[in-house]
Amino acid sequence: MQGVKSLGFFLKALLGLGMAAICWAAFLWARPAQSFVGESSRIVFFHVPMAWVSTLAFFVAAWHSALYLRKRRMENDDAAAGAARLGFVFCVLATVTGSIFARVMWNSYWNWDPRETSIVLLLLVYGAYLGLRGALDDPERRATLSAAYALVAVVTVPFLTFAVPRMYQSLHPDTVINTRGKVEMSADIRTVFFSSMVAFMALFYWMWNLDRRVSRIVRERAA
Amino acid sequence: MSAPRPAAGILPAAIAVFRRELLAEWRTRVAVNSLFLFAFAVLVLVAYVVGPTRLSPEDRPTVNAVLLWIVLFFSAMTGLSRTFVHEEDAGTAAALRLSAPPPGVLLGKLFANVVLLGAVTAFIVPLFVVFMGFEIKEPLLFVLLLLLGISGLASASTFTAALVSKASAKGALFAVLAIPLLLPPLVGCVLATRVAATQADFSAGVDFLRLLVAYDGVVTTAAFLLFDAVWRE
Amino acid sequence: MRLVAENLSRSFGRRAFGPVSFRIETGRVLGVAGENGSGKTTLLKTLAGLIRPSGGYAKIFFDGEEAGDGHEPRDIPWSIGWCAPDLSLYGELTAEENLIFFERVRGRAAQLSGVKALLAEVGLPESSYSKKALGALSTGQRQRVKLAFATLHEPDLLLLDEPGANLDEAGRSIVQKVVSEQRFRGITVIASNDPRDLALTDERVTLS
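As given, the protein sequences belong to chains A, B and C, one line each in that order. Position one of the first sequence corresponds to residue 1 (the working numbering), numbered consecutively onward. Position one of the second sequence corresponds to residue 1 (the working numbering), numbered consecutively onward. Position one of the third sequence corresponds to residue 1 (the working numbering), numbered consecutively onward.
Heads up, some of the hints might be wrong.
To be verified - Residues on chain C that point at chain B, a partial pick, calculated with CB under 7 Å:
#, residue
1, GLU72
2, ILE76
3, TRP78
4, SER79
5, PHE101
Stated by the list, open to error - A short list of chain A residues far from chain C (calculated; beta carbon distances all over 12 Å):
#, residue
6, ARG31
7, ALA33
8, ARG72
9, MET105
10, PRO139
Honestly, the hints are just simulated from the structure, not real lab data. Here a beta-carbon is modelled for each residue, glycine too, at the ideal position from N, C-alpha and C.
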C-alpha cells in the first residue's frame, strides 16, 4: 500500500514538473515554425493536445457506456460521466485556443473550416450528453439512457469529423501525420509537441481518476 | 402452465404498431396539422422576404438547398417526438411494453415517422419550386437524396424521442439531443442538394449518396441494438 | 408452475416496498394488502416486469423446472396479464380495436369473434365496444376493457391492482369470475385495500 502511494506521489510530481517544463519549452526553447504568422505556432503545443484529449475523452466515455450497458455496474457510469465532464472542459479550451489562433493566422475568429466545425460538433455532443444527464433523476435510468446516447453519438459524430473534411480543402495546416506518412516538424518542435501530447493525456487520466474516486465516495455515502 | 409463451414476431408487431400510429394520427391529426402548418408558414415567410426575385440566380441553389433542409429538420423536431412522448404522457407505454417485442415497437414507429416526414416533404418540395424558383437539374439524384435524407432524419429522431420520453424537460431536450446526431447527414444533404440543383450530372452526387447510406445504416443499427435497454426498465 | 419472491424490494431514493418473500402455487390467489403508499402498486409492477427490483428477485418456475432455471417476469411478458389504475389503453381507438391491436402485437391471431365474446363477457354492450372510442367510455366501462386486456391472451400469471375500482356490483361479479377462471390457468395476485377484493384471495402478504 505504501509502495503504491509513493509511486502515485512520484508520478504526480513527474506530471507537474513535466508540464512546467513543457510550458517553459513551448515559449522559450522551441523556435516558431516557418509557415506560421509570428509566434503563433506555439499554440500548437496546447491546442492540438487539448483537441486530441477531448476526442479521446469521448471515446473513453463511450467505452465505459458500453461496459455499463453490459454489466450494469455504477463504476462504469461514474467513469463515463467523469470522462464526459472533463472532455467538455478540454473541448471548450480547444475551441477557444483554436479561435485565437484563427484570428492571428487568418484574421477572423471563426471560418467554418471542417476541423473547426468538427470541434463545435463535439462540443454540442458533450452539451447534449450532460444536458440529458441533468434531466434524469433516477440514477439507473440516467446511467442507461446517457450510455445509449453516448454510443449513438460515437458512431455518428465521425461522419462529420472524418468524412467531410477529407472531401474538402481545409484552412487547417496539414495534419500531423500527413498523406506521405512522415512527420514534418523540426526536431525541437517535435520534442515539445509529443511531450505535450503525453503530458496532456496524463493530466486527463489523473483528473479523471480523481473524479471517479470522488463519485464513488458520493455514491457510497448516499446509499 | 408448462412453458413460457413464445416471443412474438417482430415484423407482425411492427406492422401492427405502424398501422395503429397512422390510424391514430388520421383520427386526431395532431402531428400532421402542426407539421404541415409549420412547414408552410416557414416557407411563406422565407419566400416573402427572400423570394426568387430578390435572389440572384447563382445564389438560388445554395439558399434553396439550405432552406429546404432547415424546414425539413425543424419539421422533424416539431413532429417526430410525439410518437414516444405521447405514449409516456398518455400512459399507454406500459401496455405496449407488456405486449410487444421491443424491436417491433421501434420498427413500427420508425416507419410511421418516415411516412409522416415523407408526407411533409412531398408537400413542401413542389411549393419550394413554385415560391422560391427552386430548379433541380438532376431529379434522380434529388429524389434519392431526399429518401435517404429523411430516412436518416427519422431514424435518429425516433431513437432520440425514445431517450427523451422518460426525462423531464422533454421538448427542449429533444432538439438538443438530436442536433449533434443530425448535423452530419444534414450537411451532406444540403451539399448534395446544391449539386443536384446546379449540375445535371448524377455522378457528382454519388459520394454524398454513399455517405447517407452509410449514415442511415449506422444510425439504424445502433438504434436497434440500444433500443431494448432504453425502452425497458 | 409457481411464483417465488425472495427478499424482493425496490427503492427510488427512499424504499418503496420490501424486502418481501413469498411462494405461490398454480391455482391459488395471493393478496397484497397495505395502506396507501405502502408500495402495493410498485410491487405489482415489479412482478409484471415493468420495474427492475433493487434487491432480491421474483421468478416464475414452470412445471419441471429446477431451482436455478426460473424466469424473470421481464423476460416472459406474454405469460403475464396486468390490470391496474396506471394502465391506459389507446383512447382514440375503440375497445375492440385496442384489443385486436394488442393481440396482433403479441403475435397472436386476432380473432374478432373471440374479442367480441370477451368484451361481452366483461359486460360491455356492442355499441360501446365497437363504435365508441375508448376515451368516450365511462371509467367503469374502461376498467372492464382493462380486465379484458389483461386476460385476453390467457396469461399464466394475472396481476390485478385495485380491480374493483370504479366498478358497480355487476362489475365486481365480473372480477370474481375472472379470478375464478384464472385459478384453472395459473396464478393470480390481487393488490387492494378493499376487503371485497381481498376476500377472493387464499393467502396474503401485507406491506408496511
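A quick look at each hint next to the structure:
1. GLU72: 11 Å, violated
2. ILE76: With Cβ-Cβ at 4 Å, under 7 Å, it holds.
3. TRP78: 4 Å, holds
4. SER79: Since chain B brings a Cβ to about 5 Å from C:SER79, closer than 7 Å, the hint holds.
5. PHE101: This hint holds: C:PHE101 lies near chain B, its Cβ roughly 5 Å from the closest one there, short of 7 Å.
6. ARG31: Fine: 59 Å to the nearest Cβ keeps A:ARG31 off the interface.
7. ALA33: With a cut-off of 12 Å, A:ALA33 remains clear of chain C, as the shortest Cβ separation is near 56 Å.
8. ARG72: It is violated; A:ARG72 is separated from chain C by about 9 Å at its closest Cβ, not greater than 12 Å.
9. MET105: Holds, since 53 Å exceeds 12 Å.
10. PRO139: 9 Å, violated
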